[in-house]
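Chains as they are written, first to last, in numbering that gives the first Met the number 0: chain G, 0 to 327; chain X, 0 to 260.
Think of the hints as simulated: they come from the structure by calculation, not from any bench. The structure displayed is predicted, hence computed values, not measured ones. Check the hints yourself; a few may be wrong.
A few chain X residues that face chain G, going by a derived Cβ cut-off under 8 Å, partial list only [said to hold, decoys possible]:
| hint | residue |
| --- | --- |
| 1 | THR74 |
| 2 | PRO78 |
| 3 | ALA82 |
| 4 | ILE92 |
| 5 | ASN94 |
| 6 | PHE96 |
| 7 | ARG98 |
| 8 | GLN110 |
| 9 | VAL123 |
| 10 | GLY169 |
| 11 | LYS172 |
For each residue, glycine too, the CB sits at the ideal point set by N, CA and C.
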Amino acid sequence: MVLALPRLIPAYYTHLLILTFIYGLMAMSLDLLMGYTGLTSFGHAAYFGAAAYAAGILATRYHAHFSVSMLGGLAVALLMAMIFGLLATRATEVYFLIITLALGMGVWGLAYRWASLTGGDNGLPGIPPPDLGLPWSLRDPVNMYYFVLAFFGLASFFLYLFVNSPFGLTLRGIRESESRMRVLGYHTWFHKYTAFVLAGTFSGLGGVLYAFYNRFVSPADVHITASAEAVLMVILGGAGTLFGPVLGAGLVVFLRNLVSAYTRRWLLILGATYVVVVMYAPGGVIGGVKGIVARLKRGVAPVHVSGPAAGSRGVPAGENPDERALTH
Amino acid sequence: MVHAGFTETCLVLTRLSKHFGGLRAVDGVNLEVRRGERRAIIGPNGAGKTTLFNLITGELPVTAGRISLFGQDITALPPYRRAALGIGRTFQIMNLFPRLTVLENVLLAVQGLRRTKYVMHRPVGAYPELQERARHLLERVGLWEKHDLPIASLSYGEQRQIEVLLALAGDPKLLLLDEPTAGLSPAETREIVGILRSLDPSITVLLIEHDMDVAFEVADRITVLHFGKVLAEGTREEIRTNPEVQSIYLGVGEGAQGVSR
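Given the sequences, and given the hints that come with them, work out the whole structure.
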């Protein structure tokens, strides 16, 4: 269905879907940190933007082949995440957030002030579409759709394997209780650092695709508002659900573009959506849907949920597991 | 004190201290525990018992002194290295993975000391030996039927059992139990005592316990901590009849309110 979509929908929606996949990559990679590891990064656009700039500069100044530009962009994101990770992953919670925010602002400052490299305020225009040496031109948005979708699909596949692997389970354990993980024999810093570097690199993949699709990179793409938007996508879609943040990215992209056609106050609508989601579906869109499904199941077969689960081992009075579940 | 060559020692603490600013939480503690010994550590609240555990597992750096495990100096090793050398522990305040299922909790404990924990490209379910081990552990306490439930939906007593189970999953040689029966009903306490009494006799156990019946039932020897120092050490009879211990526990002097939780 995803494959047939661009044949069925107007070109404008194809454009929005491509953006959804690109930002979805950034949001999914951020979810590795936010949802799975419990580390909220407020500078995730830095890797996205740095990779976009690196790929763009290689493609425009040095007329590098697409593959070279892409690898260059990924390498920059990887290196940056490796260095920033050393600084940030020693901290947790709000300190982690502040450090990543500061580092992100630093990257934005570079993009803005280092005009000889980045074009400064004017941005980096004229990035050519990827030339794959194939008969299909990527100037055609439909071809671009498949091109981006291929990378998105591959990356999603890898991330899906990753979060369901023993390593992914380890990250969730760290999110739940790092002290317990340490005494169980885990070198927790190593796992957090690896997650940080992976997240930065996958965000960079999104950045490279963005540079070649948008064909223009500007400091706004690494600004703190871009990082905040990534956080928003994760929360809207559902942190810790991997594909939820892609829905979140879609929500932000579609709201921004469709609502702004009617009103300039689209941020107001986005803000209201955010408040509603946080109030009524704190688990994001995915969490909300899961909750509704669970409620429906309970409605259909109430015995099934509360029945066999409790009491088989003589749980003492006053220790009703259902009651306890509510307090957590 | 055990004489050299008499029995193999498991853990030796030498003049171990931990100061928090001016507070001497652990103050020059000497302790020697034989392999396979069951040692209870008792003492009023604030005596430094849990801090002592945190020093042994490496969660806190020591201020002074030395920790050795089976003759190896581990004072400077990080917690994960000590875990790999065979130290397991439980926590006084429940320290599980609340949003994970029962099985996931146990799996994390099982893979903690295995190389499998670094695997990124295969699902957790692809490792039958991990699943089997987790299943075996859960069946031991009769909680296998609940393996798919979130851990938070278990009763407090069952969570307490899982707390002990996680520490046992890595086959520790030295097991540190920090008030495993805290807050449990008498029946639930019996379950935990049952688990402790069924442990392999080669496992060395250090047990912090406020319930004297449990301490006396599980432990061979008892060490009394008071204001970070070892006040007394001996068999249960020696401890029971020690006048200093009595003064702390029976309400003479500053440690009066200590015993009850």
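Against the structure, the hints:
1. Interface hint at X:THR74: violated, since its Cβ lies 17 Å from the closest Cβ of chain G, which is beyond the 8 Å cut-off.
2. Nearest Cβ of chain G to the Cβ of X:PRO78: about 4 Å, under the 8 Å cut. The hint holds.
3. Residue-level restraint check for X:ALA82 holds (minimum Cβ-Cβ distance to chain G is 4 Å; threshold 8 Å).
4. Interface restraint check: X:ILE92 against chain G, minimum CB-CB distance 10 Å, threshold 8 Å, status violated.
5. This hint holds: X:ASN94 has a C-beta 5 Å from the nearest C-beta of chain G, less than the 8 Å allowed.
6. The criterion of a C-beta within 8 Å of any C-beta in chain G is met by X:PHE96, whose closest approach is roughly 4 Å, and the hint holds.
7. Among the interface hints, the one on X:ARG98 holds; its C-beta lies about 6 Å from the nearest C-beta in chain G, closer than the 8 Å criterion.
8. The beta carbon of X:GLN110 comes within 6 Å of a beta carbon in chain G, closer than 8 Å, and the hint placing it at the interface holds.
9. Taking 8 Å as the C-beta cut-off, the interface hint given for X:VAL123 holds, the closest approach to chain G being about 5 Å.
10. For X:GLY169, the interface hint holds, the least distance from its beta-carbon to any beta-carbon of chain G being 6 Å, beneath 8 Å.
11. Given the 8 Å rule on beta carbons, the hint for X:LYS172 is violated: about 13 Å separates it from the nearest Cβ of chain G.
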